[in-house]
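Engineer: Just so you know, the sequences run in chain order A and B. Per this note's numbering, the first sequence runs over residues 1349 to 1675. Per this note's numbering, the second sequence runs over residues 33 to 295.
Derived by calculation from the structure, the hints in this document are not laboratory data. Wrong hints could be hidden among the right ones.
Unchecked claim - With a straight-line cut-off of 30 Å between C-alpha atoms, the simulated DSBU-like cross-links for lysine-lysine are: (1) A:Lys1463 to A:Lys1545; (2) A:Lys1613 to B:Lys40; (3) B:Lys71 to A:Lys1545; (4) A:Lys1613 to B:Lys71; (5) A:Lys1632 to A:Lys1613; (6) B:Lys85 to A:Lys1620; (7) A:Lys1463 to B:Lys71; (8) A:Lys1587 to A:Lys1476; (9) B:Lys71 to A:Lys1476; (10) B:Lys71 to A:Lys1477; (11) B:Lys85 to B:Lys71; (12) A:Lys1477 to A:Lys1463; (13) A:Lys1583 to A:Lys1598; (14) A:Lys1545 to B:Lys85; (15) A:Lys1545 to A:Lys1474; (16) A:Lys1632 to A:Lys1587; (17) A:Lys1476 to A:Lys1508; (18) A:Lys1613 to A:Lys1463; (19) A:Lys1545 to A:Lys1613; (20) A:Lys1476 to A:Lys1495; (21) B:Lys71 to A:Lys1598; (22) B:Lys40 to A:Lys1508; (23) A:Lys1620 to A:Lys1583; (24) A:Lys1474 to A:Lys1463.
As the list claims (entries may be wrong) - So the derived list for chain B, only partly shown, Cβ under 7 Å to chain A, looks like this: (25) Gln68; (26) Lys71; (27) Pro73; (28) Tyr75; (29) Phe251; (30) Thr253.
Source: prediction; values computed, not measured. C-beta atoms are modelled at their ideal positions from N, C-alpha and C, and glycine is treated no differently.
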Amino acid sequence: MKAALKLSLLAGLISSSSVMAADKVTFQLDWLPGGDKAPVYVGIQEGFFAEADLDVSIASGRGSTDALTKMATGQSDVGSSDIGALMAAKAQDGVPVVAIYPYFTQAPHAFFALKSSGIDSIEDLKGKKVATSPFTSSNAFLPLVLKENGLSEDDISLVKTDPGALGPMMITGNADAIIAWVTNTALFTTQAAEAGKEIVEMPWSSAGLSLYSSSLLASERFLSERPEVAERFVKAFAKSLEFTYAHPDKAGEAIHAMVPEVDAKIAAAQIKSITNLVYNDVTKADGFGVFTPERIQQTWEYVAAANELSEDALDPQTAVDFTYLAE
Amino acid sequence: MSQTYQPKSWVGLQAYRFAPVLFFIGLIALWELICQVGKVPNYILPSPSAIIKAFFDVEFSRWMGHLWATLRVALMGFALSILIALPLSIGMIRSELMNRTLYPVLIVIQSTPVVAVAPLIIVLLGTDDPSRVLITCLITFFPLVVSATTGMLETPPEMIELSQSLRAPRYRETWQIRIPYAIPHIFSGLRVSITLAIIGAVVAEFVAAEEGLGYFIQFSTSFFKIPQAFAGLIFLAVTSLLLFKSVQWIQAWWFPWSLPKKK
Chain A
1349 MKAALKLSLL AGLISSSSVM AADKVTFQLD WLPGGDKAPV YVGIQEGFFA EADLDVSIAS
1409 GRGSTDALTK MATGQSDVGS SDIGALMAAK AQDGVPVVAI YPYFTQAPHA FFALKSSGID
1469 SIEDLKGKKV ATSPFTSSNA FLPLVLKENG LSEDDISLVK TDPGALGPMM ITGNADAIIA
1529 WVTNTALFTT QAAEAGKEIV EMPWSSAGLS LYSSSLLASE RFLSERPEVA ERFVKAFAKS
1589 LEFTYAHPDK AGEAIHAMVP EVDAKIAAAQ IKSITNLVYN DVTKADGFGV FTPERIQQTW
1649 EYVAAANELS EDALDPQTAV DFTYLAE
Chain B
33 MSQTYQPKSW VGLQAYRFAP VLFFIGLIAL WELICQVGKV PNYILPSPSA IIKAFFDVEF
93 SRWMGHLWAT LRVALMGFAL SILIALPLSI GMIRSELMNR TLYPVLIVIQ STPVVAVAPL
153 IIVLLGTDDP SRVLITCLIT FFPLVVSATT GMLETPPEMI ELSQSLRAPR YRETWQIRIP
213 YAIPHIFSGL RVSITLAIIG AVVAEFVAAE EGLGYFIQFS TSFFKIPQAF AGLIFLAVTS
273 LLLFKSVQWI QAWWFPWSLP KKK
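Here chain B stands alone, though its shape is the one from the complex (with noise of 0.2 Å):
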């Protein structure tokens, strides 16, 4: 839309520019002043500042330790859950007696709660990393494989058809046709299971870790430190972000034709 729009003065280009940021400096200078007037003890919501000292009393290197805990799981369980998902669905796509096999079982996966499972999974993996990348794949690979799916078949049919009339072989089919219109299937699936697979990471620690940024949170807020436990928290969403960022930076440098034509 940003194309689109015109602002007449430039007051209000200044504005539309500057909105989010201030937006957001605005929101924070409210939740402080309300916690400064209002006298809120920092057990019941931490104001800012306290988070803000709270993020500087704990050394950068230890953010680092959990940090790197933490991403490393969540890339490894979302670089598997890739590896599975795509051939899983090419293979769903090509064949239909796959498809009806294999969908039913896609589908309980995913209904069972995670949380509820990685108990159990790390009492069969034991409380290394495969279990805690077992946990984020399984949190990350249903919607790749919804998306991928969803992807390759909205394919036309009449360049499946025009594909199948020159003789094409399958693998042609699939490599030349049906994945380069399902990318922006893909991409939107890929962007949703990072933010996942932070959260797979997250409950994975939750469950057995030493370290990490959810075993940090967790931490603090058993030794009641709400502060530093909000600090861990910003710090879990700013990795998110940055993480889905990455994404669309990645689709934007190699598949700038995937996304959406610009007016």
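Chain A extracted, bound-state conformation (with noise of 0.2 Å):
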């Protein structure tokens, strides 16, 4: 009798004393906050990390290389970042981070064109001039989409620019055509209106580029030490990113509500923008929350060919931590 009363004070006083001491977890961005980042604002502003009794802060970064770094030196615990940027890291660098869950299960890079241009499909672009930002990962994807689509990196010029000045470019016609993220479709849509033009956008992943990009990261320490932690967060990050793709609106004021910079109207467009990035026929077929060791195994096949890696500098099912998985 007195020991069952002492262990459930026992356990009362442990339960209460973790709902005071929520787990604290840094959580990585790899660019800056913006629509398709919503789903880790959405987590807090909706109480599901609370309710799962973690207390997370965000950091944002300075793209996929920026965001690993942190995580690897441990100034982050998870974060999101693109699969294949992990891959090549790893097979250079062996860097202490793996893939827990997915996120874009296509990739996002696509290019843009004005619907004025006459350019509406990839084999259009022989002899125009294409511009892209210096430090984008889709650089190191444009051969093979080209060679997918009967063309090299010979027939096109590339120009490299800092990322803001793409869509006036395109708008401008300094460039024929663009390279850049469709998370990035809602702006260039918005800025061309401005001028009263319209746009094109051609996706790499309907022009045979079919991999897995931007996914849930954790270093291994953290998943080593805080295993327990590291589940319960996955489990309230899927719920979250759930709920953003059901409820862009709400999911667009969550973010503006903690990053008052972004605007909650355009943050619930570009979620909307790109739902298909996150909920495709890759989804359907594999279910959602899985990555599948065979499309690991293309994944890396193309990060290696765009690389220019040895096919065998990594067992790339190692870049991946399948138990945090859903069932």
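Hints are included, so try docking the two chains, each in its own frame, into the full complex.
Structural biologist: Take a look at the structure:
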């Protein structure tokens, strides 16, 4: 009797103290906040992380490799970044970071052009001037997608410029087409509308480049030291992810509430325009929240070719920790 | 020069007085005109009116939040570089050995582009204040060392000889002769450094920050809100200008004797 009382007191103490001190998790974005980064903000605003007894803080990043570095050095526990960048980094440096949950199951890379330019397929780019930004992961995949469409890099003239200048260059005709992520479609459309123009989007995922992209990653140290926290985090994150794409307007408001510089409407439009990166044929066939070993292998083959790495430089399955995926 | 210029007429006097302001207003008006008449879209060159509108679209408290974040880092970095630069230059003046040893290192540090090193500093020191302050300090301390050293070296040799012949201790030679002679030079160094401090803080924010004017500008461009980015840029320039002026005011207030003699 006494022992049972003691136990229940102890249990009460533990549970109340854990309410008081939620587990702290630092989430690393791979770029600045925006609609495509909404899930983690939704998780905080809708209380999904709090329900899982997690205290999540968010750090913005400056590119995939920056995000990987911060997770590898322990400045962040989990984060979103390109799984291709992770594989390339693992093959070269063995960074202690692994993918634990998919986010974009299709590549977000795309060509954009003005409707008036007459370009509406990748073959039309022959002999055209194409602008890209210097550090985007798209550049590595460019030769592959050109090859799939019967072109080579010599067939286009590629110029590199600041990401912020890409839209204006396309609209003013300084470039015939640009390379950017489809996450920017909503922004480019608004920008072109300002000049009374329309744009065409040519996603690489429908031009033969089929691979995993932005994913939830975690530092190996976080997973080995706090596996149980990681498990709760992934569950709450998956919930946030589904909520974000089911309620894009609410998600836009959630991110605006935490980052006032992000316009709720633009964020919502971004979320709507990229739903097919999250829900698509791949998730229909394989299930949501699943990495299949076959597609991981396929992703690595693309990444290896894009980065000119030998295919046996990495066993791509070691870049993923399959324990946290959906059943 | 203002004391020597004597305009003949009232009109001349007024023109002289208001010319800088009028010229500035004229430039802005011309800018607005070009944007309006040429129908230049906002994403190429926003018109001053669009920039003003963008400025007021952002809540005042947000501006203050960003301003404070940048200012705090800039001032901490600036203070740190004064604390490092002045003792360092005194040491280098007093010891030829230290001078020979340190000068090459200082030049190497100065010649390394901070923008390129910034990401490495963030990896080493983390994403918080220490790394941002260090980045700012690296960019600001060299002009200070150079100006302070130059100033102290320009002390008339006969003054040093006099103090040595009177057997004055070294610390009095430094504090009572060399430093007062160096004050005008130190202040020109400070004026250069304070504007660099803002640049340093912005560079740091470009690499890792969640707040600050540099972050705000980067953010605005990532959303293609060019007028808003320009508003941030102008806010930054005004801040920089005010800091520059503050250094001048401090000099005029505390060291009036170090200013050029008025005729």
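Engineer: Has the given pair, Lys1474 of chain A with Lys1463 of chain A, been kept, meaning a C-alpha gap of at most 30 Å?
Structural biologist: holds (17 Å)
Engineer: Would the pair Lys1545 of chain A and Lys1613 of chain A pass a check requiring their Cα atoms to be no farther apart than 30 Å?
Structural biologist: holds (21 Å)
Engineer: For the pair we were handed, Lys1545 of chain A and Lys85 of chain B, check the Cα-Cα distance against 30 Å.
Structural biologist: Distance ~24 Å between Lys1545 of chain A and Lys85 of chain B Cα, so the pair holds.
Engineer: Could you grab the alpha-carbon distance between Lys71 of chain B and Lys1545 of chain A and see if it respects the 30 Å cut-off?
Structural biologist: Holds, because 15 Å separates the two Cα atoms, which is no more than 30 Å.
Engineer: CA of Lys1477 of chain A to CA of Lys1463 of chain A, is that 30 Å or under?
Structural biologist: OK: Lys1477 of chain A and Lys1463 of chain A at ~16 Å, within 30 Å.
Engineer: Would the hint linking Lys1583 of chain A and Lys1598 of chain A be met if the CA-CA limit is 30 Å?
Structural biologist: holds (20 Å)
Engineer: Would you mind confirming whether the straight-line C-alpha gap from Lys1476 of chain A to Lys1495 of chain A stays at or under 30 Å?
Structural biologist: Judged against 30 Å, a Cα distance of about 16 Å means the pair holds.
Engineer: Hey, Lys40 of chain B versus Lys1508 of chain A, does the alpha-carbon distance stay inside 30 Å?
Structural biologist: violated (57 Å)
Engineer: Going straight from one Cα to the other, do Lys71 of chain B and Lys1477 of chain A come out at no more than 30 Å?
Structural biologist: holds (26 Å)
Engineer: Starting from Lys71 of chain B, check that the Cα of Lys1476 of chain A is at most 30 Å away, please.
Structural biologist: At roughly 28 Å apart (the allowed maximum being 30 Å), Lys1476 of chain A and Lys71 of chain B satisfy the hint.
Engineer: Starting from Lys1476 of chain A, check that the Cα of Lys1508 of chain A is at most 30 Å away, please.
Structural biologist: holds (14 Å)
Engineer: Do the numbers back the hint for Lys71 of chain B, that is, is its least Cβ distance to chain A under 7 Å?
Structural biologist: Lys71 of chain B check fails; min Cβ-Cβ to chain A is 10 Å, beyond 7 Å.
Consistency note: the structure conflicts with the earlier hints numbered 2, 8, 21, 22, 25, 26.
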